[in-house]
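**Q** In case you want the letters, here they are:
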Amino acid sequence: MSHSTEAAVTHPALQAPYRDLDQQRETATLGMFVFLLTELMMFGGLFCAYLVYRTLYLPSFLEASKHMDLTIGAVNTAVLICSSLSMALGVRAAQQGRSKAIVLCLLITILFGCAFLVLKGVEYHHHWAVHEVPGINFAFSSSVPLVNVGKVQLFFSLYFIMTGLHALHMLIGLGLVTWITIAAHRGRYSPAYHNPVENVGLYWHFVDIVWIYLFPLLYLISRMHT
Amino acid sequence: MSAPSVAVEPREHYLNVDYGIRSWLLTTDHKRIGVLYMISITVMFFIGGVFATLIRLNLMTPAGDLVSADTYNKLFTMHGIVMVFFFLIPAVPAVIGNFVLPMMVGARDMAFPKINLLSWYLFVIGAGITLYSIVVGGVDTGWTFYTPFSTTYSNTYVFSTIVGILFSGFSSIFTGLNFIATIHKLRAPGLTWRRMQLFLWSNYATAVIMILGTPVVAIALILVAVERMWHIGIFNPALGGDPVLFQHLFWFYSHPAVYIMVLPAMGVISELVTTFSRKRIFGYEFVAAASIAIAVFGFLVWGHHMFVAGISIYSALLFSVMSYLVAIPSAVKVFNWTATLYKGAISYRTPMLYAFGFIGLFTIGGLTGLFLAALGVDIHVTDTYFVVAHFHYIMVGGTVMAYLGAIHYWWPKMFGRMYPEGWAKLSAGIIFIGFNVTFFPQFLLGYLGMPRRYHAYAPEFQVLNVMSTAGASILAAGYLLPLIYLIWSLRYGEIAPANPWGSTGLEWQTTSPPPTHNFEETPVVTEEAYAYDKHPEMEFVA
Amino acid sequence: MWTDFPLWPARAANFADKVDPLYLFLVAVTVFFSAGIFLTITVFAIKYRRSIHPQAEQIEGSLAVEATWSIIPLAIALFIFVWSASVYFSYGAPPKNALRIYGTAKQWMWKFEQADGQREINELHVPLGRDVAVTLISQDVIHSFYVPAFRVKMDVLPNRYRTVWFRPTRTGTYHLFCAEYCGTSHAGMIGWVVVMEPADYEAWLASGGEGSLASSGEKLFRHFGCISCHRSDKGARGPDLAGLFGREVHFQNGTTTVADENYIRERILGPRPPDRQVAGWQRDIMPVFRGQVNEEEMLELIAYVKSLQQNPLNVNPNAPIPDEEQRKRNPLVEPEVVRP
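Protein chains in written order, with the numbering used here: chain R, 1 to 226; chain Y, 227 to 768; chain L, 769 to 1108.
Calculated directly from the structure, the hints in this document are not laboratory data.
Since the model is a prediction, treat every value here as computed from it, not as a measurement.
It is possible that part of the hints are untrue.
[Unchecked claim] Using C-beta positions, here's what the derived DEER-type ranges look like: (1) Y:N381 <-> L:G940: 50 to 60 Å; (2) Y:H761 <-> R:L85: 36 to 46 Å; (3) Y:Y379 <-> L:A796: 53 to 63 Å.
[What the hints assert, rightly or not] Heads up, simulated DSSO-like pairs for lysine-lysine below, C-alpha to C-alpha not over 30 Å straight-line: (4) Y:K760 <-> L:K1002; (5) Y:K569 <-> L:K815; (6) L:K1002 <-> L:K987.
Where a beta carbon is used, it is the ideal one built from N, C-alpha and C, also for glycine.
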């Protein structure tokens, strides 16, 4: 059979078909990276559509982007970055085996994540109130005459789909972080075994990075042109 | 390596360890999951086959009056969707790959057994939703869902069909993820990359395509669904959208998808040719590298589906030359398989017959791809029966034959029984003949100008259509036979020894059927694949 | 059924002479390699079968052999690529003096209009030996204009004009098919292309037609009120359109474009984005005609604007400004002059 440290052989977290914790950890991390690669390709398709239409319809996109709420967008960006910090600190705590610290850091992460989603909800509601939701009640009026309404609607469509897909991933992320918080609270993680925390951390950072790209493309493009 | 064992009476293996339904529906054993997939895709294959039968029957007469135009349009759409997403994509990887891959790397199971089970459930749910869409009224957009027809004009169940396909796409992504992690991390001691069997290289390349390409078609279809629901305009020219953008996003996946369908099949052929010639493969490194090259280049050619769609002349030139480049690694593989036969000790068992069939028909199908890559000729033959013939040669003459060869080859391993060789050979012959009679006339129809997706056609095309339909009836009979005799063999087939083919493959160095944990002791690999010269003791015992 | 059984499509246009040889070469390559592989496998399978050749000889491989059978197919492939690219280039842009025909595709029919007004549905008459350019647009989904005998195919898109050209080389009647699936009657969206001797074609032209495309366009030019602004006199509120077609247009931001069919269509439909404001005109006061002009009318208007090439605006500059009724149709038509 396999040769590994006694601790790993009898470790309760070791699952079939792995022969030791190291192999399990490396495989799970590889799995998470591959999964994030698929997510990158998925968002990539949307970014591609954005790229095409923005190149074709820059003035309409600039005009539409002015209607984004820069304050909420910027606050949300800060919130997410802070949540990534707390997540990273949680991973660090896991590496050091400090269960209480893990739980605290992850709870802060969840808090920030919820704050992001609440702010996003407020933002969506505002867009709905001023008739900027394509397919539902879109009726765009702008002070700039003759901007093509159809193309402005395209921007908003991409906005809702891209940020919507991102928000969905945030929600799933919150679920994952909750799961490992509970596990950490039950003392499941130790310096020898804390891979789930790391992998959820990877997922969380990925979702954060997607937002880092979304924010300037959706909120900031009109700012430099004024 | 252990010597082939003689069949002994009741011992525990993965099939008899527990007969309960829960033990099957909640299994994490990759072998059981492979069997579950086998049952599911067989059902889907025959459903797709029924649609094909109706299509060919309708095309017996130029007036096409067997079914209405709308029904016909639904038939070819659903034939395409069911066959592509629910048969061809999972067939070799999810059935054969799931069963055999962990054993080939010397592992106890896949890297993520629970995700493997999830993958099967996603497939079944997706199939269920798609079948629901078919039953309540069907979908008529073509499996390619071109906009703006699919987003604005079709009056059929596009949305639910797309949901079904999305589920199957996620199933595919998780399968690919499992393959990559397993091959990277779970290889037995001594199994270096260069000692891996070629089936592993092919499935690895396939898995890379699955994880990189499938998400893009997911997004493309999600956008179609959203546009259909809320008319946001993303593909609607009246609102500034571009319907050709959909084609780019769709084909970015759907071209690599055909390599998902053919690469694992090629991996099977490598296994069959070596085992049934008792020889190492000629040019191992080249065949392995060719798999990777096909995966990489396969992502760079999608525009060749759009030569007349309105892309620029320069991008057309680029896609054309890339399409020629991607043909070269496939040609290299064909040559290497043929060279492997040279001075071999060749057996004519059924799996080998399927391998011969594959090599010949894939060669024809692949060469007809050169016609389509040729810009000047593609203008005339694209969207005609020439394309239909081309891809059926590869998918049916290629992939389905390789799948059948794989099923027969690994049947003893999976179920501990031999299939009846006489019936199997007969079926292989009927399938080969039926296939060629069905699809060769379609090349001629294509060049004559018969467009595809036509329920009625100009009268001068009738002779070739009747020939094609006649072939289809032969083909159908050929496919029904294995269904019958394979099921028969589960009960009445000759009991199989552990290694009936005397193969050096790692999966054969355990019992047939294997125990749940595959190997009693983790194998240690000390030599390269297909080392038949080092193992004269390995013998056919079947 | 057995009497009409062609194995080769008719050859009725210039492209057939370019495409068919390339096709035959590809067939030869295919037959050569397929037969080669088939024969080799058969010979090896028989010669090295187990019963007479029980001991396999292990051959690992050979770099020289691999190189040979990689490089030779690559060379053949690239040769085919270059040849096919040159055939593709010959399809290129339509020749300058081509006979222009316009058409729209819609579910599920083809409508063609010749320059002098001859209209056809699902039939297209063309003269032998002349370059013919057919400009097409779709009113709904993507269709594809396919004439097998001409070896010509082009997807027809909504909202975008595309032009295909050919030179018929043989008289006769040939199939026209829609080759991009477009719904229920996709298989019914078929017709005939009739190639006639030039004299017969002229006779056919003369026999029908409701007035040329351009003259129908002139009627629309008045009907929609275009004439009220687009004049050549000093008080004109819009640019003079004489000689516009084919000319370079300058925008306020310095960019330029050429005034082709797509440009004219874009201007008429609107709304026109601010970065496409024509230089020399401060504000865009032209009404938006999106939704008011259908594709056939659009083709007529464009034909009219094209006809203003040689002659100055042959519209009476003293023609009346649109009346009350027309103003109601176009509420944005401002009766007062707004000087730029």
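**Q** So, for every hint listed, does it hold in this structure?
**A** Outcome of the hint check:
Hint check: N381 (chain Y) to G940 (chain L), Cβ distance near 39 Å, so the stated range 50 to 60 Å is violated. For the hinted restraint 36 to 46 Å between H761 (chain Y) and L85 (chain R), the CB-CB distance of approximately 59 Å leaves it violated. At about 43 Å, the CB distance of Y379 (chain Y) to A796 (chain L) disagrees with the hint of 53 to 63 Å. At roughly 98 Å between alpha-carbon atoms, K760 (chain Y) and K1002 (chain L) are farther apart than 30 Å, so this suggested pair is violated.
Of the pairs offered as hints, the one joining K569 (chain Y) and K815 (chain L) holds, with about 8 Å between alpha carbons and a cut-off of 30 Å not exceeded. Restraint check: the Cα-Cα separation between K1002 (chain L) and K987 (chain L) comes to about 23 Å, which is no more than 30 Å; the hinted pair holds.
Consistency note: the structure conflicts with the earlier hints numbered 1, 2, 3, 4.
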